[in-house]
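The residues making up each chain are set out below.
2 protein chains.
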Amino acid sequence: MRKQTRISVLAVAAVLIAGCATVASTARQEPIQPIEPAKVANPAMVELGKKLFFDTRLSRSGGISCNFCHNLSTGGSDNLAASIGDRWQKGGINSPTVLNATLNIAQFWDGRAKDLKEQAGGPIANPAEMASTHVAAVSTLQTIPGYVAEFKQVFGAEQITIDRVTQALAAFEETLVTPNARFDKWLKGDDNAITEQEQRGYILFRDSGCVACHNGVAIGGNSFQKMGLLQPYKTAHTAQGRIDVTKKDQDRFMFKVPTLRNVELTYPYFHDGAASTLAQAVDTMGKLQLGRTFTTQENTDIVAFLKTLTGDQPSFALPHLPPSSDKTPRPDPFAKRK
Amino acid sequence: MRKQTRISVLAVAAVLIAGCATVASTARQEPIQPIEPAKVANPAMVELGKKLFFDTRLSRSGGISCNFCHNLSTGGSDNLAASIGDRWQKGGINSPTVLNATLNIAQFWDGRAKDLKEQAGGPIANPAEMASTHVAAVSTLQTIPGYVAEFKQVFGAEQITIDRVTQALAAFEETLVTPNARFDKWLKGDDNAITEQEQRGYILFRDSGCVACHNGVAIGGNSFQKMGLLQPYKTAHTAQGRIDVTKKDQDRFMFKVPTLRNVELTYPYFHDGAASTLAQAVDTMGKLQLGRTFTTQENTDIVAFLKTLTGDQPSFALPHLPPSSDKTPRPDPFAKRK
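From first to last, the protein sequence lines are chains A and B.
In terms of the numbering used here, the first sequence has 295 at position 295, counting the first letter as 1, and numbering is strictly consecutive.
In terms of the numbering used here, the second sequence has 117 at position 117, counting the first letter as 1, and numbering is strictly consecutive.
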């Protein structure tokens, strides 16, 4: 390894000596790693999952799709502290971005779903979110000839099941990674990809300890940590975090560390959405998690760094959904319910 | 003109004589004309309008965009009898499709807006729909640097006004036409573009008088007509139609004739959304407007014809919206209101 590095350095020197204008490009060794583009194993399944992601017929009202709360026009989030659910119910917790969610150690703030496939079934059947049931959602899809044909193409069978629905949704969501952030380019050796201020912000972010939790490819998403480590986090929000899953008292107020990729787009912040701006979020995190009050200049520098984490947003044509048949239920969002 | 036609016929004959495999392609003279692709005069304005169309920040709650009710994944409609408005209010009337709306004689069911630009301002400020105000919407946009730059690029000025917002929205909506329906291909001379049944359905549609109202390029959209011409239309819905605009008693229950393009996608039907299926809609229209009860076979044939009117759906990449700045209001859909 060391020998290779030496050779590489020599090679770079040779290039420089040759007067070439190319910037010396050596990957940096940092606690954060660049993200790579998604590898699509099954394009047909991804296309199917994309349609389902945008399909309001998975909800009881016929008005709410996955994209309603995980809006791919706005960083995979709805930019609301609490999401709007069925019949305008207030969402239980800030909707996390679906971007790069495939890199999370588990899904939901409390990690109660082990992967994207398991997660995808949650909101469909959550009475405060899409408010349908798995049985109703699947039986609706089964009446739509275009879906029947597409499930057959993808799964080799016309039978639609919630397992196949969530598998397709997960396959689509796995493609929602955001490579080529300016910071990634810097990590890969492009010195000019970020400004001096942004670099200063990163060094401060790293050396003051933010990277203890926000590290790796997703810059978070890979551990559960206590919200309010050194000082308690004050909130009227009732979420208790991971204790709801593990039932262990030590997990009270432990939440999955959110990814910081595209954090410029995913305001407001924290599980209760209480921090409206990055400046507020950085200030609160510094005080509560690190016992440090960042100066205005430091805060500004870190925020500048955080804005270098916006990567290429998923680019695809808005899907066109197969029309309902006469047998497909016509939802009434305003019907009285039993 | 006649001379040109003769020359054209001769040219076709010459091609046929030459043994060319091309199908003789002579445009048919019918009361319905093919739709042509949109000509985009100002691509930058269209791009801006597209972003605004998908932007929930034009609503008071931060949850509702134009696309929420005029969903371009589902025929430019929400497939609900009544749309979901701010705080889950029930929409006053079935959301008409935005597809080909540029061809309408006027906008809204009662024609109260003279064009798309005037229409676009309506839902933004309608308390039961997006529930914002023009002042609030514009002042929100003005805090978003990406929009300020884009308005400057398009309009030559950083000042955002509701006039410019609606002009951009209209420019985008003007592109939402749907050429290349199978019926258009048949109209243009491709005999095999529609089946015998579909052709039978069209002839019946034409000769029984549906074309009296559903004619032209949009197959509707170009006149106001009485809903319940020969028999009264029974509905609990309170909309009175064009009388609300003209204040003339003769305009009671006069509604704009909806376009039939993409009608397979835009269920449910009528201003009250009471007809769930095309079969129901055809049956009701036959009885009420023509005094004719179509047989099951006739109804099926007409429905088959109507499904040939689905054209190319607008194809474009899902837009990515410029992020809010720290100065942009953070809407709270659940806040108590004064």
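Everything labelled a hint here was simulated from the structure, so no lab data went into it.
Treat the hints with caution; some may be incorrect.
The list cannot tell twin chains apart, which means a pair is met if one copy fits it or any two copies do.
With a straight-line Cα cutoff of 30 Å, these simulated DSSO-like cross-link-like pairs (lysine-lysine) come out [as the list claims (entries may be wrong)]:
no.	residue 1	residue 2
1	Lys-152	Lys-307
2	Lys-248	Lys-338
3	Lys-248	Lys-336
4	Lys-39	Lys-90
5	Lys-247	Lys-185
6	Lys-234	Lys-117
7	Lys-247	Lys-327
8	Lys-248	Lys-287
9	Lys-307	Lys-338
10	Lys-39	Lys-247
11	Lys-90	Lys-338
12	Lys-51	Lys-226
13	Lys-327	Lys-90
Tested hints:
For a Cα distance limit of 30 Å, the shortest separation of Lys-152 from Lys-307 across copies, 23 Å, qualifies, whereas the shortest one inside one copy, 43 Å, does not. Taking CA atoms no more than 30 Å apart as the test, Lys-248 paired with Lys-338 passes in neither setting, with 37 Å inside one copy and 43 Å between copies. In this assembly of identical chains, the alpha carbons of Lys-248 and Lys-336 never lie at most 30 Å apart, being 40 Å within a copy and 37 Å across copies at closest. In this assembly of identical chains, the alpha carbons of Lys-39 and Lys-90 never lie at most 30 Å apart, being 36 Å within a copy and 43 Å across copies at closest.
Proximity of Lys-247 and Lys-185 under a CA criterion of 30 Å is satisfied in neither setting, with 42 Å inside one chain copy and 64 Å between copies. Proximity of Lys-234 to Lys-117 under the C-alpha cut-off of 30 Å is found in neither arrangement, the shortest distances being 33 Å within a copy and 47 Å between copies. Taking the shortest Cα distances, Lys-247 and Lys-327 never come within 30 Å of each other, neither inside one copy (44 Å) nor across copies (41 Å). In the homo-oligomer, the alpha carbons of Lys-248 and Lys-287 lie at most 30 Å apart inside one protomer (26 Å), although the nearest pairing across protomers, at 68 Å, exceeds that limit.
For a Cα distance limit of 30 Å, the shortest separation of Lys-307 from Lys-338 qualifies neither inside one copy, at 48 Å, nor across copies, at 36 Å. For the homomeric pair Lys-39 and Lys-247, neither the shortest alpha-carbon distance inside one copy (37 Å) nor that between copies (62 Å) is at most 30 Å. When the C-alpha separation of Lys-90 and Lys-338 is checked against a cutoff of 30 Å, the pair qualifies both within a copy, at 21 Å, and between copies, at 19 Å. Within a single copy, Lys-51 and Lys-226 get their C-alpha atoms no closer than 37 Å, and across copies no closer than 38 Å, so neither meets the 30 Å cut-off.
Proximity of Lys-327 to Lys-90 under the C-alpha cut-off of 30 Å is restricted to the inter-copy arrangement: shortest distance 24 Å between copies versus 32 Å within a copy.
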